[in-house]
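Protein chains: 2
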Amino acid sequence: MSFFPSSLENLIDKFASLPGIGKKSAQRLAFYLLSQPDEEAKAFADAIREAKANVHCCKVCQNLTDGDICAICRSDRRDKGLICVVSEPRDVVSIERGREYNGTYHVLHGALSPMNHVGPDDIRIKELLVRVADSDVEEVIMATNPDTEGEATAMYISRLLKPFNVKVTRLAYGIPVGSNLEFADDATLNRAIEGRTEM
Amino acid sequence: MSFFPSSLENLIDKFASLPGIGKKSAQRLAFYLLSQPDEEAKAFADAIREAKANVHCCKVCQNLTDGDICAICRSDRRDKGLICVVSEPRDVVSIERGREYNGTYHVLHGALSPMNHVGPDDIRIKELLVRVADSDVEEVIMATNPDTEGEATAMYISRLLKPFNVKVTRLAYGIPVGSNLEFADDATLNRAIEGRTEM
Chain P
1 MSFFPSSLEN LIDKFASLPG IGKKSAQRLA FYLLSQPDEE AKAFADAIRE
51 AKANVHCCKV CQNLTDGDIC AICRSDRRDK GLICVVSEPR DVVSIERGRE
101 YNGTYHVLHG ALSPMNHVGP DDIRIKELLV RVADSDVEEV IMATNPDTEG
151 EATAMYISRL LKPFNVKVTR LAYGIPVGSN LEFADDATLN RAIEGRTEM
Chain X
1 MSFFPSSLEN LIDKFASLPG IGKKSAQRLA FYLLSQPDEE AKAFADAIRE
51 AKANVHCCKV CQNLTDGDIC AICRSDRRDK GLICVVSEPR DVVSIERGRE
101 YNGTYHVLHG ALSPMNHVGP DDIRIKELLV RVADSDVEEV IMATNPDTEG
151 EATAMYISRL LKPFNVKVTR LAYGIPVGSN LEFADDATLN RAIEGRTEM
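Heads up: the protein sequence lines correspond to chains P and X, in order.
Taking the working numbering, the leading residue of the first sequence gets 1, the next gets one more, and so forth.
Taking the working numbering, the leading residue of the second sequence gets 1, the next gets one more, and so forth.
Take these hints with a grain of salt, some might be off.
Any copy will do: because identical chains look the same in the list, a pair fits if it lies in one copy or spans two.
[Claimed, not checked] With a straight-line Cα cutoff of 27 Å, these simulated BS3-like cross-link-like pairs (lysine-lysine) come out:
| # | residue 1 | residue 2 |
| --- | --- | --- |
| 1 | Lys-162 | Lys-42 |
| 2 | Lys-80 | Lys-24 |
| 3 | Lys-167 | Lys-126 |
| 4 | Lys-23 | Lys-162 |
| 5 | Lys-126 | Lys-59 |
| 6 | Lys-80 | Lys-23 |
| 7 | Lys-59 | Lys-42 |
Simulated from the structure, these hints should not be mistaken for lab results.
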């Protein structure tokens, strides 16, 4: 049963279709948007259209960009011999935030997940192989998530990369900096002990 | 520092401007929307424009509607002699959900709040007085929130309504149905005892 005019109901439904937004939050967001000045609401609608129209994947690394090739792939100051493979564009942001990594990226747009019917052809693995085959890549860092799907993806890709004679590495496992041993889970602690370094 | 193409950054900012949506959630929502088919994203943008263009306040009760007069005010089956005064359109939905109230509403679109510079002219009080003056209203139920601002608003309006010789009532205070005495706060329990009814 609907208590709202249909176009408002429709807007609420749209908000509710977003991940993590329930019916109540969607109502609140829709009401808020309606309470804003006309230009504000119009700007929001335009932002969606424009982002959807302009943003696509970089031809080289598959990261989101509004040009043909993204800023990182275009930059002279990035080491093109180093490719960091991540699952999602947001992972690029996470690593860039550290300001230490100086190589390029490859965004898979997902991770292998047989349960969810995501196979090797559903993520950008082929594009990575073409890159490694066509250019002078020295090292590929697998930076997929440390969960089952991320691990499987890293494993799968590292096997595919074997014939190319390129160094394949994986992010280190261990205790997070600034955390407390008490709260580290067993698997992490075991990995941290396994991977201990001399000091 | 921005790691995203500008139109994506713009969309993220728009989402982050919504109440209760932080930067991280805004990123997630923007990425989700970009991952949807073109029609989906377009439909979202259109929903915003259409809701903003079509939805406005009912001439009578100030509730949101896409006509001149809302469905409740138009209905023959609603008791026009009874007006329930609420702060926000969502409060109408809450009361309608109970399926017992058979009168009409008046939506104030806010509550008096000197701290936030919301005075009597900033909410739809004048429209209520005009309604009470011009039509046969028997009772006005003050259903503003049971917080400081809602109480002040109810008190203020009830005083303005005095000269019109109309019955003004307030929602009952007491313990919520299905709750536990143990968790009721003192003020609520005191009000529940004050307002006790014979059984």
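Do the hints match the structure? See the list:
no., hint, verdict
1, Lys-162 with Lys-42, "neither (52 Å within a copy, 43 Å between copies)"
2, Lys-80 with Lys-24, "neither (47 Å within a copy, 29 Å between copies)"
3, Lys-167 with Lys-126, "within (18 Å within a copy, 75 Å between copies)"
4, Lys-23 with Lys-162, "neither (49 Å within a copy, 39 Å between copies)"
5, Lys-126 with Lys-59, "within (13 Å within a copy, 61 Å between copies)"
6, Lys-80 with Lys-23, "neither (46 Å within a copy, 31 Å between copies)"
7, Lys-59 with Lys-42, "between (32 Å within a copy, 24 Å between copies)"
Violation of the numbered hints given earlier is confined to hints 1, 2, 4 and 6; the remaining hints are satisfied by the structure.
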